[in-house]
Each structure stands twice: as structure tokens, then as C-alpha cells.
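**Student:** This is what each chain is made of:
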Amino acid sequence: MKEKQGPLEQAVSNDYKYGFVTDIDTDTIAKGLNEDVIRLISHKKNEPEWMLEWRLKAYAYWLKMVEPDWANVKYPIIDYQDIIYYAAPKPKKQLNSLDEVDPELLSTFEKLGISLSEQKRLTGVAVDVVMDSVSIATSFKEQLAEIGVIFCSISEAIQLHPELVRKHLGSVVPMTDNYFAALNSAVFTDGSFCYIPKGVRCPMELSTYFRINTENAGQFERTLIVAEDESYVSYLEGCTAPMRDENQLHAAVVELIAMEKAEIKYSTVQNWYPGDKEGKGGIYNFVTKRGICKGDHSKISWTQVETGSAITWKYPSVILKGDYSIGEFYSVAFTNNHQQADTGTKMMHLGKNTRSRIVAKGISAGHSQNSYRGLVRASKQAINARNYSQCDSLLLGDKCGAHTFPYIEVKNKTAIVEHEATTSKIGEDQLFYCRQRGIDPEAAVALIVNGFAKEVMNQLPMEFAIEAQKLLTISMEGSVG
Amino acid sequence: MLSIKNIHANVEGKEILKGINLEIKAGEVHAIMGPNGSGKSTLASVLAGREQYEVTAGEVSFLDKDLLELSPEDRAREGLFLAFQYPVEIPGVSTTNFIKAAVNEKRKYHGLEPLDSVSFLKIMKEKMKLVEIDQSLLSRSINEGFSGGEKKRNEIFQMAMLEPKLAILDETDSGLDIDALRIVANGINKLHSPERAVLVITHYQRLLDYIQPDYVHVLYNGRIVKSGTKELALELEEKGYDFITEGVDLNA
Amino acid sequence: MIDLTYLNDRFEHLQQASADDGIAVIRKNSFDSFNKTGLPTYRTEDWKYTSISNLFDESFAQAGHTITLADLDALRMPGHHKANELVFVNGRFDATLSNILSTDDELTVLSLKDAAKGEYKDLVARYLNKSSEYMKDGVHALNGAFIEEGVFVYIHKGKTPQHPLYIYHILDGRDHPVMAQPRGLIYVAENSRLQLTETYATLGVSDSFCNGVLEVVVDQNAYVEYYKIQNDKSNASQVSTTHITQIGRSYVHTVTVTLNGGVVRNNMNLVLDAAGNETHLYGLYLLKGKTHADNHTMIDNKQPNCFSNQLYKGIADDFSTAVFNGKIMVQPDAQKTNSFQSNKNILLSDNATINTKPQLEIFADDVKCSHGCTVGQLDEEALFYLRARGIPKDKAEVLLLQAYAADVLAHIKPMAIRAYVEKLIYEHLSIV
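Chains as they are written, first to last, in numbering that gives the first Met the number 0: chain U, 0 to 480; chain X, 0 to 251; chain Z, 0 to 431.
FYI, nobody ran anything at the bench for these hints, they're computed from the structure. A quick note: this is a predicted structure, and the numbers were derived from the prediction, not measured. The beta carbon of each residue, even a glycine, is placed where N, CA and C say it ideally should be. You may find that some hints are simply not true.
[Unchecked claim] Just the calculated beta-carbon pair ranges, DEER-fashion: (1) X:Glu50 <-> U:Glu454: 27 to 33 Å; (2) U:Gln380 <-> Z:Glu11: 51 to 57 Å; (3) Z:Asn308 <-> U:Lys279: 57 to 63 Å; (4) U:Val65 <-> Z:Ala274: 41 to 47 Å; (5) Z:Tyr425 <-> U:Glu427: 49 to 55 Å; (6) U:Trp49 <-> Z:Asn308: 55 to 61 Å; (7) Z:Gln219 <-> X:Val10: 41 to 47 Å; (8) U:Lys279 <-> Z:Ser17: 53 to 59 Å; (9) U:Glu427 <-> Z:Asn28: 41 to 47 Å; (10) X:Ser146 <-> U:Glu427: 20 to 26 Å; (11) X:Lys64 <-> Z:Ala274: 40 to 46 Å.
Chain U extracted, bound-state conformation (with noise of 0.2 Å):
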């Protein structure tokens, strides 16, 4: 094959924007993973006494296990005691306002695009950062409290709504459900709580912005959202991570509960940083994410534009359970360079009348790999579940690889399962159309990747869904409105 580089290759070559570090006071502790780490997170969190017996329940667990090996990555061993797993910007004083946070993280926000002064703040927008392991700020709360509706960081959640948190953490997710989930609920430092009460459509998006920042801390963020029957609530993450040689290891567990006729939509834009072109750095980023349609109608729908980390390890999946309730994952993972990416959904019908819908599109550029991974399981009682399965891979350039593994079990015979999939590359043919009417190849690429993502963008809140076409088609100029 030759080495120089084509009108592909130089199109999908880009530089990592937010790999900048913030030179701030960090409380971290040390490297290693024992009890008495565990002990120390929660003693700095000033958890209640269950909290901690939870934790080492799961670490128990997490001794027990082996890092599972299915998944189509590779990576080097991880040493588990060579990671910091507490790192906090220091205070400098209790805050009482959002306008009291250390200037120097308000602009590394600044820089991210997410603006937490009050002034400049995103209409219609709620946000929570969190930097490391503890959330920052939270804005809007106040506006979101009197119609009721709690969103704040699950360690003030843990304070304040202990109830909650108890009757619902690890319901979706089991601290036993897999390697990396019992990792984070013995280690879980920070994340978002959204509790949306019986009735309540929640007027503004809800978002929280993950950022890495300390060198060789993990990131291991929890997130739990419940809508209460007839409630509504869409929900985006972002995250990003400074550019670092080192691998860095980033291990959520996200658990959604959606009751009767209540909806839940989660956005995701996931940009860690990716490693450089050797393959070097970036973030391995595993990740249990879960949702249970508890009541009958109910509604989860996941959406996610994945395109950072060095190698992702996620599907976020539905559990049917109420009958007539619906199951949606929208995604769209480009990977480039060395990237490697497993993902998926799994979407588990047990109710009656259960209806799953499924969109993957992956694009694959430079070496990477990337592998949609599903499973559509309809069990006896699914009587007249549904699903739909569409998935395309992209493939640019001749170095890199597409794969596809759906799993597919039904169980009732007045099941309707269906699975489509494709793979293709952008054509030349394509590309000289493009260019023949003076658009360059770079715009042309761009162009065509987006038309191919389309269906999955289409699904994205409209702030998100411009950051997303943008990280998606890197450097087009504005040339294409």
C-alpha cells in the first residue's frame, strides 16, 4: 500500500481540540486501590455509613471477578494500583454561589464551551461539571427545585435525598453486573442525580460536562436518573480530557429508571481525548450505561455521537419491562488513527407490546476498529414485541476495520425481530463528484460522513447536535451551511 497520503486520509486527519491542561490546586490521593482508599473517598465525601458498606460490598465483588476479554480491543494490561482514584480542584472556600467557583476552572469551561457564570449561561440549558472526581457547580438549580425537580451531584444527592439514592442506586445496574461496574461502585467518585417527579415535564435540558483533568487519576462517575410516572426529561453528557501520553481510565455506570408513561432521552457526546496518531494516550473509556422502562408505556432513548477515546466499551441498554414501552439507541462512533471501539446496545424485552428501535452508524478512518455489538433479546412474555435494527459502517481509507456482531434471541413466536446491516466505503466516485463542482476533498468527506450520520444527528437536541456535526466533520470552514 502506499504511504502518501490520499484525499481520504488527509481529510480525517485532525488535531485534538481540547487536550489543553488546568494548572490548579488538586487534592489527590494516592495511587492504589485497597479498603482504606475506599474508606478515605468516602470519608472525604462525608458519606453516610450504608454508602460505605455498599462500596466494599462491591469491591469484595470486584476481587472476585475478571476483566472480561470479549469485547473486540486491545489494550495492555491494567495495573488497577497505578491509578489515582480521588482528585478534586481544591476550594478555596464553601462556595454559595456559582459565581463564587475558582476563576481559573470557570475559564477552562469557558474553553470548553460550557459557561457557568451567570450571566453567559446557555438559555434553557442546566448544567452540572464535573472536573475529576467532584462536580463543580450546578446551575439553575434553584429554577429546576420549585417545580421540584432535583438535579444536582449524586454526593450532595447522597446527602440530601439518601432515600432516593439507596432505593434506586444499582437497581439497573447491579454492582455484580460486570467488571467495570463493580469497579466504579466501589469507587465512584461524582456524577449527576435527576430525580423528575409524577407529572413533571422538565422545562430545560439537563447536562452535565464530564472533564479529566489530573494526570493518572481515573475518572469513575455514576449517574442516576429516575422519572417518576408521566414525567419527562432529556438529559446530555459531554465530556473531554487533556492530551496525555499515558492511557487514562475513565469507568462510568450511568442508570436511568423511567416509570408509567415517563420519558427519558440521553444525549451523549463523547470526546475524550483519543491518543495521538501513533496510537499513543487517550482514554480507555468503559462504560455501563442502563435503563429500565419500569412502567407500561414508558419511553428510554439513548443517543450518542462517540468520538473520542482510545478505546470505547459501551452499550447502553434498555430492560422492557412495562408493557407497550419503548427501547431506542441512536449512534454514531467514528473512529480514527488507532482508536478501537466495541459498542452497542442491548434491548431486553420482557413486556408485553415492547417495541425496540435500533440506528448504529460507524465510520472507521486511519487504523482504527470499530465493532457494533447489539443484542435484541425477546423473551416468553414479549408477546408482540418489535425491534428494527439498522446498522452501517463507513469505512475511509483501507487500514482500518468494520465490524458487525448482533445478537439476536427470541423466545415468542408472535415476536417481529429484523436486522439490517451494510458496509461500504466512500466511493471515489463520490468524492470526484464532489470535487468536480469545486468542493474540496476535506468538505467532500465531511459532506458525505454527515449525510451518513444524518438519521443519528437528527436525533440530538439541537445545542448538542451542532457541537456533535462539528467534532464530527472536524474542519470544514462553515463551507457547507
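Starting from the known structure of chain U, arrange chains X and Z on it as the hints suggest.
**Tutor:** Here is chains X and Z on its own, set in the frame of chain U:
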């Protein structure tokens, strides 16, 4: 405007063009005719800069620039437009957005400000009338699910939007019914002006009923073996290509 | 856990008795690899939905009876008068029961041992057990460890034998459970043709288990049609591996029909190791009772410009389980690969299960691949239409199922075999 001197070109190691010479001046309409496999579409591809085609000898100047040195997109921005014989489908990319990108890329190249949406739409409306193209077609993905006639009309519409100096129409008449042919030909005629030149590549004479060429060239086995006026096309229609190709020494 | 230590003694015994038969090294390597991997469990990705380890119980591993010609006659397929027939009894190639009509310059049949030493020894050395490069599990390794009386078939260059090849696997379960591990290697030389049908039958009422491996090597410009018909007893299980390597630009066409059996696992492997290969794989499974049928297909596209197409269709009724796993690999050099796969299933009972897993692994960019799979029901509208015309429901269902099966059956080219399969299907579906 366009000056082709002794062009030789290979595809996958096989020589297809064996020394083409052609001069096109502003305002002229040229037609290149020839049997299948004579190299007509290769010539169009070479001029547009398709990378699979290797030019082994000869030179081409376009508006006093060395055309072969330019990338395909720069050729387009300089004002060379190729209406494709087989326009490709690009799923998910709306035709309107695509054309807007193309128009603004060209403006940028010439140091002009990009068009805002209002003026772009205004121009689009005008040109739509010109080629009798429907708005609904333009909001769909480029060429996706278009009929043959719709694809060709879309090509002519893009040509209208991009206002090229030289339009190369590669078998634009193929696969068109008589109405579509008339619409396409009208579109071409309306765009024709003293500043612009048109190169029509066709197998059949019927498009030339609608577009009056100033010159007709017959391409055979990689060379122009005969040039003449419109009457040559009629003669070809009547007698077939054999009357030209007989007696042409293939090895010369 | 089943005790598998008896295998050690048997292996040692076989190695001593056949120390210099030319295959001892393959047996040794296979047994080593078996000891390393053991039998697959549900945690083994390729065996996630199918469990066979209990079939390796020592009670199966006893010698069977001899089979008479009269036994064979009862099992023969239509067209056998004009066919070359190879017979395996309890996994051992039986030359006396076999009957070769073609002349030796068209088609040569030898025992694997003889082939490994004589004129064809280079071919045997080069191609026997190439399948182990793909089949890393203990089941396949065990077959290799116990290669004893296998068969070698050579179709000569430029020949089209007038007589198709039929292979019968007969297992004698008249007195006690029986296990068989047949092995074969077929070389289809340049510019020749082969039409092959393989079938299985267990005698008596005891359980049987057949763990067979057939390797087929297809050279330049050769043409192969392969039919596998599985309609054995409900307590007859098998793992049937067909490993086809297309070493020259060639054409391969296979149809696998699974009707009755215990646990039936088919591995249909196609290695497309020459540019421009063309391959068509078809499968049909119509499952009732407690039959568990697992079809694994694997197409490894190693060279450019290959075309493959797969259509597997099936029905699961009663307590049956149908598994389909279709893997398509496209290696970096295999540009311009076109590979299509479709798996369609109908679930007729709430106690039946369908698991399907298509799998694309693509490392080249200029490819067109697609796969699709569906799980659904019989067309209610069509059923109602037939009933409205006075056809009783069960008959109407059989009619619709036959129609459903038809687009796979249409790919069985020899009329005698197709008619035979249609008859088997009709009987199979009509018995309630």
C-alpha cells in the same frame, strides 16, 4: 479558452487517448461524437481530472492556465463543469446544501464573500425555472432515488448555479425521453452565451437537433479522425460510423 | 463435568497401532490442542448457544456392529444406481460397502492412510487438517486426534465424472450409544467438476453422535456442488464440519438441509484464497420436537474480487432451537469483495427459540457487504386466505411452510436429490 495539444492518456495501463488536438474558443459549441469505446468519456474525465486516468503526453491549457496541473476542485472553481454521464448518489446530503457549498467554494476561490441564504435562495429560484426542476427534488439527497431524467436535470441545474466558463456534457442525452431531452437542451441553450463554451459529448445526433453545434468532431480509437460542421453529424446519423471508420488505419 | 480421561488411553492405543500411517503427527498435534482447549462451554463465543460436551461421554465410545448391504439398501438415496457411493460405518470408511462407478482416471478413491503415503502424499500433507487454522475448538481437535479410517477423493484435472458422489454416514445404535468421527479430504483438481451429497443415518434406538470433518480443496476453474441432508433420529446428534478452500478461481455452491436430529451443529467454512472466487451457501432448517440445530457459516475473503451470497432460512416449532451464526471476514487484501448474507426465521411456538448472529469483520475498504436477518411469523393474511378457500389450518400451514422453503430448495440442482428432499420435508411437516 481550451486548448488541447496531443493528449495521450491511459487507464489501468491501457492507452485510450492517442493524441487528441482540439481548440475551443469562447462562445463556441463543439460536439464530439463517436462509437462506443472510442474514448469520448475518457476525454471528459481527463479534462475534469479524474485520478484513475493517467496523462502520458500532451498539454491542455484552460483560460491560459495549465489545466493538468490543477486539482479537480480547482478546475471546477476556474469554471470547468462536467455534467456526468452517471451522476453518483450521495445519501443523506441534501442537494441544496451541496450546491450551496459548491457555489460558496467557488466564490471563496475568486475572493468573493459567501452568499447568504437569502440571496442564494433567490438565485436558486431563478435557475430552477430555467431547467424546470422541482423544489422537492432539491431537498432530497443528491441524486438518491432520482430517475435518469431527474439526475440529468439536476446536473444541468447545478451547471446553471455554478455558471461555468466551459461546460462539458458527457452523454447528457443518454437515457432521456423526448420531453426530458427538450428540457435539458433548453437549459443548456439558455445558459449559452458569448463568454461561455460548451463541449457536447454524444453518441447520437438527436441532442444536436436541439443544441446547434458550431463544430462536430468524430472521435475514433482515441483520435479525432474527422472534424466538420453540423452537417457532419447529420451525415453520421444517416450513414453510421462505419463510413468514417472504414479506411482509418488503426495502427497509424 | 464428564470424565474424559478414557480418551488418553484410546489416543495412546491408536498412536501405537498406527504409528507410521503418515497421519500420526496430525493426531498428536490435534490431541495436544484438545488438551489445551478442552471441550467448549457456553462461554466459548462460537458455542454460546449449543452444548455438546455430554455427547463425549464414555458410554458413546464403544465399537459398533458391522453393517450389511441390506442395512445400507434401506438408507440409499434416489439416483444411487448412477452414483459413486462412499459408506462410513461408525465413522470408519468402509471400502467394501462403497461402490465406485467412475473410472480411476476421473475419480480416485483411497483410504486416507494410503493417500498419505502414495502418489497423493504431498496433497494430503499440504491440505489435511488445514481446517484447524480456523477451528480452534476441542471438538474439531478431537476429530483430528482420532483420524483412523478416513477417505481421500481426487477428481482429476479436466474431468466431469458422470456419476455424482454420495456419502453415507451410518451409525449403529442397535445395542448401545455410538460415537463416530469420520474424516475426509477431497481434492477437486483444475477445471474439473464435483457434485456431492452427504447424509446421515442411525440404526436402532440408542443415542448416536457423529463428529465429522470433511475438507474440500477446490482448484482453478473447478466447480463444486455440495448437498448436506440431515434427517436422522431425534436422539442422533452431530457436529458436522465442512471446510472448503478455494485455492484457484472457482465456483462453489452448497445447500444444507436440516430436518430432524438431536443436537445438530454445522460448521460450513469457506476460505476464498484466490481472486475472483464465487460462492453460494444456502441452508434450510425445519425444526420440531426438541431438535437443536446450529448453523455456523464462515466466509474468509482473503483475495480480491470475490463474490459470496448466503441465504439461510428456517422454522422452529415445538421445543426446538434454531441457531444461525454467519461470519464474513474480509481481509486487507480482499478489495472489491462483494458479500451478502440473509437469515430468515419463523418461530412457530412459544417454547421454541431462535438465536441468530450475523457477523461482519471487515479490514478492507473497497467492499460491499450486507447482512440481514429477521425473526417473524407465517403470513397471517396468507393463512387466512387459504383457510377462506376451505383448506384446513394445518394443511394451509404445511403449504405455506413448503412455499417458504422453496426458494432454498430451488438451489438443489440435481432433480433426484431435490425431489428426495421435498418428499422428506413433506413427511416431516405432515407428522404432527
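**Student:** Next step is simple, just say for each hint if it's right about the structure.
**Tutor:** Quick rundown of the hints versus the structure:
1. Distance hint check: the CB atoms of X:Glu50 and U:Glu454 are about 31 Å apart, consistent with the given range 27 to 33 Å.
2. With their beta carbons about 52 Å apart, U:Gln380 and Z:Glu11 fall inside the hinted range of 51 to 57 Å.
3. Range check, Z:Asn308 to U:Lys279: about 42 Å between beta-carbon atoms, so the 57 to 63 Å window is missed.
4. Checking the proposed 41 to 47 Å range against U:Val65 and Z:Ala274 shows it holds: the Cβ atoms sit about 43 Å from each other.
5. Take Z:Tyr425 and U:Glu427: their Cβ atoms lie about 52 Å apart, and the range 49 to 55 Å holds.
6. Remark: the range hint 55 to 61 Å for U:Trp49 to Z:Asn308 is upheld by a beta-carbon distance near 59 Å.
7. For Z:Gln219 and X:Val10, the Cβ-Cβ distance of about 28 Å falls outside the hinted range of 41 to 47 Å, so the restraint is violated.
8. For U:Lys279 and Z:Ser17, the hinted distance range of 53 to 59 Å is satisfied, since their beta carbons lie about 54 Å from each other.
9. For U:Glu427 and Z:Asn28, the Cβ-Cβ distance of about 46 Å falls inside the hinted range of 41 to 47 Å, so the restraint holds.
10. In this structure the supplied range 20 to 26 Å holds for X:Ser146 paired with U:Glu427, their Cβ-Cβ distance being about 24 Å.
11. Roughly 42 Å separates the CB atoms of X:Lys64 and Z:Ala274, a value that falls within the hinted 40 to 46 Å.
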